[in-house]
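Listed below, chain by chain, are the residues.
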Amino acid sequence: MTTTPETTASRGASSAAPPLDPAERLRLERAFRVPRARFLTGIPLALIVLAWSFWGAEFNFAKLGEGTVNMGEFLSRLFPPDFSKFGTIVALLVETLQMAIVGTVLGAVLSLLVAFTAASNIAPPWLYYPARWVMNIIRSVPDLVFALLFVSAVGLGPFAGILAMTLGSLGSIGKIFAEAMESVDRGPVTAMEAVGASKRQVIHYGIVPQAAPLLVSYTLLLFEGNVRGATILGLVGAGGIGLELTTAMRMYDYGHLSAIIICIIALVTVIDQGSALIRRRIT
Amino acid sequence: MNATISAAALTPEARLLQALPLISVRNLTVAYGDQPVLDGVDLDVRPGEMVALLGASGSGKSTLMKSLTGFAPITAGTARVAGYDATNLRRGDLRKLRSDVGQVFQQFNLIPRLSVLTNVLTGALHNAGPGNLVGGFSSAHRRLAMHYLDRVGIAHKAKEPARSLSGGQQQRVAIARALMQQPRVILADEPVASLDPKLAGSVLGLLREIATEDGIPVLVSLHVLPLALDYSDRILGLRQGRMLISAPTHGLDAQKLSSLYDDEGEHVDHHP
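Line by line, the protein sequences give chains A and B.
Under numbering that gives the first Met the number 0, the first residue of the first sequence is numbered 0, with each subsequent residue one higher.
Under numbering that gives the first Met the number 0, the first residue of the second sequence is numbered 0, with each subsequent residue one higher.
Derived by calculation from the structure, the hints in this document are not laboratory data.
A couple of the hints might just be wrong.
[Stated by the list, open to error] In silico lysine-lysine, DSS-like type, Cα no more than 30 Å apart, as pairs:
id, chain 1, residue 1, chain 2, residue 2
1, B, K158, B, K197
2, B, K95, A, K198
3, A, K198, B, K156
4, B, K156, B, K197
[To be verified] Have a look at the derived ranges for each label pair, beta carbon to beta carbon:
id, chain 1, residue 1, chain 2, residue 2, range
5, A, I281, B, D195, 44 to 50 Å
6, B, S137, A, F82, 55 to 61 Å
7, B, A154, A, A152, 54 to 60 Å
8, A, A22, B, R241, 36 to 42 Å
9, A, D184, B, D84, 29 to 35 Å
10, B, R112, A, P43, 44 to 50 Å
A quick note: this is a predicted structure, and the numbers were derived from the prediction, not measured.
Virtual Cβ for every residue (Gly too), placed ideally from N, Cα, C.
Between the sequences and the hints, there should be enough to build the whole structure, so can you do that?
This is the structure we're talking about:
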């Protein structure tokens, strides 16, 4: 009798092992497999959803083509940039930066505190679920709405912007912080429980040091986002360079506008590069 | 604080107390759902001895270890560990019990980014005092931690992050952490399963030395027979949740222990 691969395989296995369906074995061993039905139905479905979305969003290549002329005209008006009010721009950018720093620090500290209550390996369920809900609600509200809310509460100026940024950070990064803490290796946590450490000590030694690189990395990303976000908040009068930007637009002061934009790009680039450098170092 | 209690300093009564088993388990049953993992297990571990726990995968070695420190639920029977009743612990007592039992794990379980010294210091967390709220350890604790690092031969790496050490070195640090607890018993669950044979021997030698010289009994689970025969005073053999063998090592050989591994169909691993 010739030995088929099948009998060789079953000889090696323990007698208790359930037999593998020969058809299934053949399927597993074949180099090219016929895709499963759910994959074949999934692709047309995804294409339909995509087409439906293009249609709903009124996406139109022809219109885009026609528009390039206007776009070019707009861009040409931005040149040459007018740096005559460079001092004002720098002062406002510094204010924007200061807002972003305070907003990030407050946001990160609050997010860390909330994250402890929203990490399933730290918090009990009665704390975990409400914390997650609160963060989901905060995240679904646009930062601009918070800015309007705080402008009406504390008046125009950077303070309102900082409050909006802090609250916005809580929604965006609180959940990410919580997930960073949930993803730590269980081993050191078990070891800390095994030495008789308190709950606080288990978090302090077993969880936070392991999550630290991710926490710092996400905080830097938050800071980058806040610098960019702070330029928007000015639109509703919440401080920073945004107000100057909209004013220049409304006054058709294109030279000044383009100087502002160039300065924002320079600042954001420097900060993004710097933070990328730090993140590479720590992870 | 009393760093090490030397045997000579003990009163006769204390010596007598020391001779009593520090782990005493009777008719222990552990079940997840209605699937018993351990079924009527008895065992004693006395001061100064190194006891090897053998058994095939899924025989319940790990579960037995875990049940002794409240990491696995005891369904029936009694377990006295380091003076505590492990079957009936209140929350505060559970932490006290755990702080009195040094544990060594297969995967070392050090905190990878923290220094070797800090890792050893975490063994003293249960009596670190209020200063630890700001992350500090007293200089007495630091001296003691360095003493134990000297003992396991890793003092020169004290400042390095734990993750930069080799497996054998990490396990030595983990043993120093266990010693830092001033434990009454040490439980080592497959401590050398991730190490090469030479390192395995040196780590087990260190544990044996701790058992004989410091009088801290070590219960160690192993899956390599020759290592158990070389380094233990007594061997316990589990098979399918029952204690099949309990005898001094010198009367045993690989032949007699092979019954533990007889193939009786596939065992299902219980790792909840």
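Do the hints match the structure? See the list:
Proximity of K158 of chain B to K197 of chain B is assessed by CA-CA distance (about 26 Å); at most 30 Å being required, the pair is judged to hold. Distance check on the hinted pair: K95 of chain B and K198 of chain A sit about 14 Å apart at the alpha-carbon level, within 30 Å; holds. Restraint check for K198 of chain A and K156 of chain B: satisfied, since their Cα atoms lie roughly 29 Å apart, inside the 30 Å limit. At roughly 21 Å between alpha-carbon atoms, K156 of chain B and K197 of chain B fall within 30 Å of each other, so this suggested pair holds.
Distance hint check for I281 of chain A and D195 of chain B: the Cβ-Cβ separation is about 32 Å, which falls outside the suggested range of 44 to 50 Å. Checking the proposed 55 to 61 Å range against S137 of chain B and F82 of chain A shows it holds: the Cβ atoms sit about 60 Å from each other. Taking the beta carbon of each, A154 of chain B and A152 of chain A are about 59 Å apart, inside 54 to 60 Å as hinted. At roughly 41 Å, the beta carbons of A22 of chain A and R241 of chain B sit within the given window of 36 to 42 Å.
Between D184 of chain A and D84 of chain B the beta carbon distance is about 32 Å. The supplied range of 29 to 35 Å therefore holds. Remark: the range hint 44 to 50 Å for R112 of chain B to P43 of chain A is upheld by a beta-carbon distance near 48 Å.
Hint check: a violation occurs at hint 5 only; the rest are consistent with the structure.
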